[in-house]
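Novice: Protein chains in written order, with our numbering: chain A, 1 to 323; chain B, 324 to 646.
Quick caveat, the hints were computed from the structure, so don't treat them as lab data. Among the clues, some could well be false.
[To be verified] Subject to a maximum C-alpha distance of 20 Å in a straight line, what follows is the list of computed DMTMM-like cross-link-like pairs (lysine to aspartate or glutamate):
hint: 1; chain 1: A; residue 1: LYS279; chain 2: B; residue 2: GLU492
hint: 2; chain 1: A; residue 1: LYS220; chain 2: A; residue 2: ASP230
hint: 3; chain 1: B; residue 1: LYS602; chain 2: A; residue 2: GLU169
hint: 4; chain 1: A; residue 1: LYS220; chain 2: A; residue 2: GLU271
hint: 5; chain 1: A; residue 1: LYS174; chain 2: B; residue 2: GLU565
[What the hints assert, rightly or not] Covered, in the sense of this in silico footprint (three residues per stretch, anywhere, with C-beta under 8 Å from a C-beta of chain A), are these stretches of chain B:
hint: 6; segment: 471-482
hint: 7; segment: 497-503
hint: 8; segment: 604-615
Ideal Cβ positions, reconstructed from N, Cα and C, are used throughout, including at glycine.
There are 2 protein chains.
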Amino acid sequence: LKDSEYKIGIDIGGTNTSLGLVDTNGRCVKKMDFSTSANKNIEEFISKLVASIHEICMIDAHEVQPVGIGIAAPAAQYRAGLIQNPANLLWGTINIADLLKRQVDLPITVINDSNAVALGELKYGLARGMKNFVAITLGTGLGAGVVVNGELVNGANGFAGELGHIIVEPNGRKCGCKRRGCVETYVSATGVCRTAFELMANELDPSKLRGWTYSNLTAKAVYDLAVEGDTLARKTFEITGEIFGKMLASTAVSFDPEAIILSGGLVHAGEFLLKPTLKSFNENVIGSLRGKVAIFPSQFSDSEAAILGASSMIDIAEAVSTE
Amino acid sequence: LKDSEYKIGIDIGGTNTSLGLVDTNGRCVKKMDFSTSANKNIEEFISKLVASIHEICMIDAHEVQPVGIGIAAPAAQYRAGLIQNPANLLWGTINIADLLKRQVDLPITVINDSNAVALGELKYGLARGMKNFVAITLGTGLGAGVVVNGELVNGANGFAGELGHIIVEPNGRKCGCKRRGCVETYVSATGVCRTAFELMANELDPSKLRGWTYSNLTAKAVYDLAVEGDTLARKTFEITGEIFGKMLASTAVSFDPEAIILSGGLVHAGEFLLKPTLKSFNENVIGSLRGKVAIFPSQFSDSEAAILGASSMIDIAEAVSTE
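Let's have the full structure, built from the sequences with the hints guiding it.
Specialist: Okay, structure coming up:
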């Protein structure tokens, strides 16, 4: 391959930052990651990122020159290149594109992480050829990217598709966005932990969950207990799926998508989450759409869709820069 | 004006059918309507419709020949020309385009009424120049048409934007769609009546509402009592607005629209509905969109937006017929 046939995709997450060297066929030929949270100040982070960019370009003792870098990050604004004070990054509002350009002489484009996932699915994943679909990422929160008429939905201010903040329970749980009842307070890794605590309060079943503090409990721990057969842990996922299925029923009437593709850490809960979700969706979807919306997990491993989607933005970014 | 510069727009509603003769500037130069529900069989309805089409084309004792007819109807399917067994029409599933073509030799196109309203606002109304907006019609139910990236959102099966069936109350009121908690069971003319009955049950305030049967109560009657100062009638609109504002907050994060334009009979309740709606929206919209979504009533009188939007489909229909 010639150098000009590579792009770099980067997914900056709250825990890890992943980089991928992507070829023209949308294959991630080399991948690496490092801890985001270990770099508490932005200068440290940028230094680590620049070193990683050089490292990922080394192939057979030769440094390839990719055509550009696409960055996916939470709360990223496409046109401005900003990462705007996201809840789970520590640096406040930064202009990641500007900061990186000082040290790397390549075109750089920035995209919201949920939109990057949707683009990755659209261009290289299970949504290829689809005109209308929704990609939902279940991590610390619930992120979503929406494609309508073949195009990513950004909205007037770049905040369209923030489906994690659909209100599903009037006067429900307090959300990081300062409101109450947002779906991500129920359907996300943190939502699972909150539901486990609500169940412990409401029910009397014995459960190993009762030995956990709120500060230490993780969705993975709830999953492990569900695998062991713990009643409350299993019920936690059933309730999560029930709420998720109802929310997806509302998503279905909003966008009438061909598919809803699920990714993110919580999807690793597999059937414990998927089965009650599909049951609730089928019970709650409007009759005219019953059987018409496919709901399934992504084929990509963690961060791969975001890396591919971000890297695919590079040509678009060049078009934008000449606008 | 030459004949070729006129189009006909028709809005078939559960109560009335309205026709408009529309000029190239999108002005409705002549308008008429007749009772839909008085025509219980479809043959009667088509005869009445054909007579009305001839009548509306008579200008200065000369019958103009318009370039085509656009029809807006509930549950209408654009590609098929069908009106598919809508809840508030009596004829079951009919192919209105085929039925009318037997008697009128003009191109005919059919569009969902909520989408017609959105198109009317986009081409000739307050949404001119907007790339992203939502048009909501509050009648017997809650209908919506959504424009994203400058295009109407139809979805994979033509059911996108059915926002009346967003679930806002888990295990809430039974909906005509057979599910529970859909927003239109709260925010619509019938929703207002249901809320009035719930309030009569929950509260002890004296109210003239207590003299009405459920079968006879109308949103107009609740409005008239609100004007008189009836406490429960006013509270009915406050609750309706509170739920509507929360739903619009979810609409805002879904589509990030520049504007949400309101029309339909219930909007005649004016400030009784709008004030609590805007208050609730501002309290519940996500911080990043606060102050960025304009919410206001349409400038069009009843059915005018649908007539204009339906008539504007005619050129598109010709393009489609040559696909």
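Novice: Can the restraint linking LYS220(A) and ASP230(A) be considered satisfied, given a maximum Cα separation of 20 Å?
Specialist: 14 Å, holds
Novice: For the segment 471-482 of chain B, do three or more residues have a beta carbon lying closer than 8 Å to a beta carbon of chain A?
Specialist: Our answer is that it holds, as 10 residues pass the Cβ test (under 8 Å) against chain A, meeting three.
Novice: At a Cβ distance under 8 Å, does chain A reach at least three residues of the segment 497-503 of chain B?
Specialist: holds (count 3)
Novice: Quick one, are LYS602(B) and GLU169(A) close enough, alpha carbons at most 20 Å?
Specialist: 19 Å, holds
Novice: How does the segment 604-615 of chain B fare against chain A when you require at least three residues with a CB closer than 8 Å, holds or violated?
Specialist: n = 6 at 8 Å, threshold three: holds.
Novice: Taken at face value, is the distance from the CA of GLU492(B) to the CA of LYS279(A) at most 20 Å?
Specialist: 19 Å, holds
Novice: Does GLU271(A) lie within 20 Å of LYS220(A) when you go C-alpha to C-alpha?
Specialist: Judged against 20 Å, a Cα distance of about 14 Å means the pair holds.
Novice: Check the hint pairing LYS174(A) with GLU565(B) against an upper bound of 20 Å on the C-alpha distance.
Specialist: Answer holds: LYS174(A) to GLU565(B) is near 18 Å, not above 20 Å.
When each numbered hint is compared with the structure, no violation occurs for any of them.
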